[in-house]
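**Q** Make a model of the complete structure from these sequences and hints.
Protein chains in written order, with my numbering: chain P, 773 to 1111; chain X, 773 to 1111.
Some hints could be false.
One copy or two, it doesn't matter: identical chains are merged, so the pair holds either way.
[Stated by the list, open to error] With a cut-off of at most 27 angstroms between alpha-carbon atoms, the simulated DSS-like pairs for lysine-lysine come out as follows:
1. K862 to K1071
2. K1071 to K926
3. K893 to K1086
4. K789 to K984
5. K957 to K1086
6. K998 to K851
7. K851 to K926
8. K1071 to K1007
To be clear, the hints were calculated from the coordinates, so they are not data collected in a lab.
Chain by chain, the residues run as shown.
Number of protein chains: 2
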Amino acid sequence: MRVVLWGFGAMGRSIAKALIEKGSFRLVGVVDRSPLLRGRDVGEALGGPPLGLRVEDDAGLIERMNPDVVLIATTSFVKDVLPQVELAVKAHSNVITIAEEMAYPFDTHPEESYYIDSLAKRYGVTVLGTGVNPGFVLDTLIIALTGVCSKVDKIVARRVNDLSPFGKTVMETQGVGKTPEEFEKGVKEGKIVGHIGFPQSIGMIARSLGWKISRIEEERRPIISKVYRETPTVKVEPGMVAGCEHSARAYVGNLCVIELHHPQQIHPHLEGVETGDYIEIYGDININLAIRPEIPGGKATAAIAVNMIPSVVKAEPGLKCMADLPIPRALLSDIKRSL
Amino acid sequence: MRVVLWGFGAMGRSIAKALIEKGSFRLVGVVDRSPLLRGRDVGEALGGPPLGLRVEDDAGLIERMNPDVVLIATTSFVKDVLPQVELAVKAHSNVITIAEEMAYPFDTHPEESYYIDSLAKRYGVTVLGTGVNPGFVLDTLIIALTGVCSKVDKIVARRVNDLSPFGKTVMETQGVGKTPEEFEKGVKEGKIVGHIGFPQSIGMIARSLGWKISRIEEERRPIISKVYRETPTVKVEPGMVAGCEHSARAYVGNLCVIELHHPQQIHPHLEGVETGDYIEIYGDININLAIRPEIPGGKATAAIAVNMIPSVVKAEPGLKCMADLPIPRALLSDIKRSL
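**A** Put into structure tokens, the structure is as follows:
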């Protein structure tokens, strides 16, 4: 299958690597509008041998390269990714994007969702938002687990991860290295956003289970460090902010039915915090799941974006979410295995 | 949706309860060929108020009752369930069965699978085998987790459960209460079978991941008790068999790529064994999952059989497995939730 990748930042490169390692896909084009990347050989930019494929800044290559799928890794937000999705769909290409808000945009962006859905149907293609979270850990995996329940009363899940490998942008949007006062100010001004994806995960779970959510409450609290922590991009003295404890609660009437927590900080182990993904489901049976350490975000997002390609190509046209498609799976990566 | 239930033993009754508790289904008929059950009111047999629906021994009621789905809970084996599936399909009904061998019959019963698949396609209906295991814990859940991997080298999973609630038949097929010598003899004679479902789970995983399995090795070993254990149906003295440690290994060439373990015994905690479902995936990332205690078998099988109804009704015709369908999910069970 022919694939065009749109966006060649950190995530775009991970996706490119995952794609190239599979025998079954052909990366036929890479679009990135950054002037610094234009003309670079894709293979060399990935630290490997040249591929004879250069990064282009003109998305018109999509029409020219006739891809089965365009993978978009440019932004987290519906408003920013919408024109890119539109362009790819109008080139009659299926679309997979890791924009977090696209994992389940139906509740938060109903008009845009309706527009993308009908556009995709008119052009006979499928559009999917996916990723590790939203897209898997705090929604798809939870939904799959409820499949063995006759009755679900409440879902509580927590993803505890380590931000240390991430760069400056992530540190800023999580408030790492700020004073508690700067953190509160940053949250109020919308500069410290924490996790992007709670309303999407909640929306996907609620629709799958047939719950009508009356309201969602989100809370962002500073994780104030007791010890000195440091990464190549940030230093945190005791008393300063090591990360953001972001959580969301969804209610039916006044009953809290979904509680999602995603504390993100640098070097959590320095204060004895074990990273992991934790899911508790309460109902006619109780399920208590732990994945330790957590599923690593970057690699897993690249993997699931690539792994969903065949399902998206095969799916009926329209805007879909992970709960609409067959269960995800790793595509054959090692040809020796099939001999 | 209209549902006929075929089989009103322990599992059939659990399914009937799960069905009745949902508002969205209508149980329109119950078939069981046991003379002891014929004519009994279904509600009363479940320990509740009468439903005005009686158990019938004539499967001809399927044609008469015009169901959307027939749920079959009569046997573990393809050869025994095949005529029942055939009858339901020829009445133009979709079929869900918890017969373990039907969870993925394509490798173990290729001719029967081909026959059911083409019959279902000719009649425009869908046939699915499901259950907690095979059907979920050691296959569907594993496959879903590989969805966040770019490369999978090996899968090791273990389901450790407690047989204590089960009756005489299960104790016999697991060898509980036997001497080690009787156990070995029972295994050789095919009377002690352990878990039914390893080749099915392995087949579903392998096809999903694109692996061509060259051979599967199964092993059944006695769990010899160090302590006295007792249930209402069996007594186990120290030195006797408390259960069956059944495992399966699947190879590609000489490389073991899937290892599944399912030790089943009564009162495992008496020797400090913690029950649970454990999955390890090794690849470009490693995933280490634990569900403690294990997902309870009986309730979960009833739940997933009922929860899959809408997906099966909506699916394209043919013989399907869990990996072909959208991720399972709990159907709305509490109407208050949607108000």
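**Q** Take the hints in turn and mark each one as holding or not.
**A** For each hint, the structure was consulted:
no.	hint	verdict
1	K862 to K1071	neither (30 angstroms within a copy, 48 angstroms between copies)
2	K1071 to K926	between (30 angstroms within a copy, 18 angstroms between copies)
3	K893 to K1086	both (14 angstroms within a copy, 19 angstroms between copies)
4	K789 to K984	between (40 angstroms within a copy, 25 angstroms between copies)
5	K957 to K1086	neither (47 angstroms within a copy, 50 angstroms between copies)
6	K998 to K851	neither (39 angstroms within a copy, 65 angstroms between copies)
7	K851 to K926	neither (32 angstroms within a copy, 41 angstroms between copies)
8	K1071 to K1007	within (25 angstroms within a copy, 51 angstroms between copies)
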